[in-house]
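*Asks:* If you want the building blocks of each chain, they are given just below.
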Amino acid sequence: MLRFTIRRILQMIPTILAVALLVFVIFSIIPGSFASSLMSDGRGGADADMIARINAELGLDQPVHVRLFTYISGLLQFDLGTSFRFREPVTEVIGARIWASLKLSIAAMVFAIVIGVPLGFIAALLPGSILGTITMMFAVSGLSMPQFWLGLLLMYLFALQLGWLPSFGYGGGDLRYLILPVITLGVTPLALLARTTRAGVLEIMNEDFIRTAHSKGMTNARVIRWHLLRNVMVLVVTTIGLQFGSMMGQAVVIEKLFAWPGIGLLLVDSVAIRDIPVVQGTILVIVVWFLVINTFVDIIYAAIDPRIKQT
Amino acid sequence: MTPLLELKGLHVGIPSRRGNMDIVRDVSFSILPGEAFGLVGESGSGKSLTALSLIRLLKKPLSVTGGEILFKDDDLRALSDRAMRGLRGDRIAMIFQEPMTALNPLKTVGRQIAEMFVLHQGKSWAEASELAISALAEVQVPAPEERVRAYPFQMSGSMRQRVMIAIALACDPDLLIADEPTTALDVTVQDEVLKLIAELCRARGTAVLLISHDLGVIANMCQRVGVMYSGRLVEERDTYDVFADPQHPYTRGLLGALPRLGSRHGAAGRQRLVDIDSLITDRDSLLQEFCFEPRHAIRDPRVRAGGAA
Amino acid sequence: MRGFNFNLWMDGFLCLVVCSGALFAPLLTSLDPVFDANLMNAELPPSAEFWFGTDEQGRDIFTRALYGAQISLTVGIVSQVINSVIGLALGISAAYWSGWWDDLVNGLTNVMLAIPSLIFALAIMAILGPGLPSLLIALGLTNWSWTCRIARSSTLSLKGQGYVQVAQTLGYSDIRIMVTQLLPNMVGPILVISTLGIGAAVLAEAALSFLGLGIRPPFPSWGSMLTNARELIAIAPWATVFPGLAIFITVLGFNLLGDGLRDYLDPHMRTREQ
Chain A
0 MLRFTIRRIL QMIPTILAVA LLVFVIFSII PGSFASSLMS DGRGGADADM IARINAELGL
60 DQPVHVRLFT YISGLLQFDL GTSFRFREPV TEVIGARIWA SLKLSIAAMV FAIVIGVPLG
120 FIAALLPGSI LGTITMMFAV SGLSMPQFWL GLLLMYLFAL QLGWLPSFGY GGGDLRYLIL
180 PVITLGVTPL ALLARTTRAG VLEIMNEDFI RTAHSKGMTN ARVIRWHLLR NVMVLVVTTI
240 GLQFGSMMGQ AVVIEKLFAW PGIGLLLVDS VAIRDIPVVQ GTILVIVVWF LVINTFVDII
300 YAAIDPRIKQ T
Chain B
0 MTPLLELKGL HVGIPSRRGN MDIVRDVSFS ILPGEAFGLV GESGSGKSLT ALSLIRLLKK
60 PLSVTGGEIL FKDDDLRALS DRAMRGLRGD RIAMIFQEPM TALNPLKTVG RQIAEMFVLH
120 QGKSWAEASE LAISALAEVQ VPAPEERVRA YPFQMSGSMR QRVMIAIALA CDPDLLIADE
180 PTTALDVTVQ DEVLKLIAEL CRARGTAVLL ISHDLGVIAN MCQRVGVMYS GRLVEERDTY
240 DVFADPQHPY TRGLLGALPR LGSRHGAAGR QRLVDIDSLI TDRDSLLQEF CFEPRHAIRD
300 PRVRAGGAA
Chain C
0 MRGFNFNLWM DGFLCLVVCS GALFAPLLTS LDPVFDANLM NAELPPSAEF WFGTDEQGRD
60 IFTRALYGAQ ISLTVGIVSQ VINSVIGLAL GISAAYWSGW WDDLVNGLTN VMLAIPSLIF
120 ALAIMAILGP GLPSLLIALG LTNWSWTCRI ARSSTLSLKG QGYVQVAQTL GYSDIRIMVT
180 QLLPNMVGPI LVISTLGIGA AVLAEAALSF LGLGIRPPFP SWGSMLTNAR ELIAIAPWAT
240 VFPGLAIFIT VLGFNLLGDG LRDYLDPHMR TREQ
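Residue numbers (numbering that gives the first Met the number 0), protein chains in the order written: chain A, 0 to 310; chain B, 0 to 308; chain C, 0 to 273.
Check before you lean on any hint, since a few could be wrong.
For lysine to aspartate or glutamate, the following DMTMM-like pairs were computed, each having C-alpha atoms within a straight-line distance of at most 25 Å [what the hints assert, rightly or not]:
#: 1; chain 1: B; residue 1: Lys58; chain 2: A; residue 2: Asp304
#: 2; chain 1: B; residue 1: Lys106; chain 2: A; residue 2: Asp297
#: 3; chain 1: B; residue 1: Lys106; chain 2: A; residue 2: Asp304
#: 4; chain 1: B; residue 1: Lys59; chain 2: A; residue 2: Glu202
#: 5; chain 1: B; residue 1: Lys59; chain 2: A; residue 2: Asp297
#: 6; chain 1: B; residue 1: Lys58; chain 2: C; residue 2: Asp101
#: 7; chain 1: B; residue 1: Lys58; chain 2: A; residue 2: Asp297
#: 8; chain 1: B; residue 1: Lys58; chain 2: A; residue 2: Glu206
#: 9; chain 1: B; residue 1: Lys59; chain 2: A; residue 2: Asp207
Calculated directly from the structure, the hints in this document are not laboratory data.
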């Protein structure tokens, strides 16, 4: 088990490097530049001299391979460069905001799991019930709905009309500010988890070993506890891992919507203003976070399903 | 001796208001305590359904639509679900055809055996694990203390089937139902597994209902045989009698289709293996068991001319 | 049986509604979505004249929603076609040719799967700048990974089939084999993924436009309509409801279609295998 864990962790590294490279390549060919975006802000033409000076200051006039070298050597020392906008190290800029994003993502995932998985079970085991049918209809809708639209509607209802919850912002850690963004972000993973759990339960119920369990004389509840649960968890864990990725993408939009000061908001703003180091750094951080989660999920999967360790 | 299990007119099928669609029709036989009874027939003849109906493991919409199932003088059909569960595993146990899929791939075999002791004998998991080791030893699995921690995918087919046997016999049931226990195994190990079942059951006095499509398997182990065709029990006698003097044309067909050493160069010269469609028998016995008619009618003009009973 | 038939009909219907809305927009509304703006009519609630109400510039939301359908459907379908072509080309060729090309494609797929798709699209839009063509390219480059994986594993299992070997001995070129022999056998699952992918693309376009990185105002994209609506949410909630509803119904239609197709093809495929 330990060897498997170490192996999976080491496998992350080439992917991270590849992504870092890809990100760098993409952004080194960007036509517009930070300087020109600053200059053309409302004013007329761009002053070529000014642009050249700013570029020199930011080190953008160096040839590509020099920049690449600086970038890679920086990476190896965990230095992501300096933000054009803030004139601070990118790591600090990101570090100030990362906790907010983590809080949001983890809370949303927990929300999705805690509600979605049981709903999936109920929908599968009690097919005719009201709860079961509602769950399935809700699941399909949840996957089709633009999350920020839901956010807007919830904001309108709970913040503006009913006044129960604040409509945006971080609130310095006040939990009430967390509620709307978490629900908005968590709805789609919830829907998908409910669906996957339900499909998984139905599929496993038909397996032979469930019949064997019944032939041993177990009650239904026991069959579920002793044999169904673990096998369904395997499927659920995989889905959770996959969902984290798309959730991070969506988190960017949700953060913008609710003015949640996380790295998603940072990314959007930095893209608009062409603050390349921050954009590169943020994307890298998000990808690393995603890979870490996936590796973690893989390890849990291997702990549950012993067949995986063979590969 | 009172029979351990007695089926009277069992019907299994899909119940409906407009008249049940029965797949198993009017099956009656009995098994004495400690006896090995074979149920033979081709795929689709209803043997497995008969077995599943005994312990109420039929999948909806199938259910028992008629008849009695008497186990030690209790009508199993009248039992509550709870009482039925008490019997399953404890007094009546079953092993299935596919040992790979019949075991939970995510649990160790030791755990799956130990479940029986925890469920029916109230043992703790620690005690049950010990008992599981001895259960594995009894089914001749080498190095049982290590094997208890193995997962099903780490074992061969015959090992897994031995685990299934260990599970089934853990609580010393009165009746063991074995549904095609060796069909999915390599030919080379089929014999070993069957011998194992026979020995263990003989030693414990467990009755066996052995289901198979393979006459050889049945002949080796069972004192009495029932032949099923198309949902009906068409013949039921001592094994020796069935082989020596088969009554029903289908049974004759089954036996005739068995290749026997030297049979192609018998006294009558070279012979082809008999296949069922080419049998010609007298009309009356055919019409009696009309369910067999369509296959014969194609070949035998006398039956076609006579019309159905 | 009744279940999935209903699904297919229902969403076929939904898709039809949205598509016809997009196609016949000029007929259904006399107003121009961009230029017919009368500030006197700003922020009116739904009424007989303005079915969905008006936005902050006095434009009829119903009209804009209809024209928005054109944009969203275009983006959805075109980008998904691009995705499918890339995914199929890479997947089939990787499995067929094996060797270093396979390793390269695999590595690339792994990298793509490690980056959340919306973020990748965001990055590309950052380079290309906002606008419809960039959106098509960006979205067309983000979602091909799953198609690639499936095409690759299908090809791996189909490679050894008899008819492929026959085609090889007949001297067919590799490309010809890939397109005429292997491709038709994957149509089922690829079609399902593509249909679901259209829905995903529509959602992605809406998100990007909402962030200001996709279709820019004043062009009527449902996403950018929601950006404006956000400002007015307290006084004109209908501006939020209708564009979002449009997105929802469209994506729902494609999702149900994809699900229905999957259910339809699944037992079909299973019986064929048997």
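*Asks:* None of the hints should be skipped; say for each whether it holds.
*Replies:* Quick rundown of the hints versus the structure:
1. Lys58/B <-> Asp304/A: violated, 28 Å
2. Lys106/B <-> Asp297/A: Holds, at roughly 19 Å.
3. Lys106/B <-> Asp304/A: The hint holds at about 9 Å.
4. Lys59/B <-> Glu202/A: Holds, at roughly 16 Å.
5. Lys59/B <-> Asp297/A: Outside the cut-off at roughly 37 Å; violated.
6. Lys58/B <-> Asp101/C: Answer violated: Lys58/B to Asp101/C is near 46 Å, above 25 Å.
7. Lys58/B <-> Asp297/A: At roughly 36 Å apart (the allowed maximum being 25 Å), Asp297/A and Lys58/B break the hint.
8. Lys58/B <-> Glu206/A: Distance of about 12 Å is within 25 Å: holds.
9. Lys59/B <-> Asp207/A: holds, 15 Å
Checked against the numbered hints given earlier, the structure breaks hints 1, 5, 6, 7 and satisfies all the rest.
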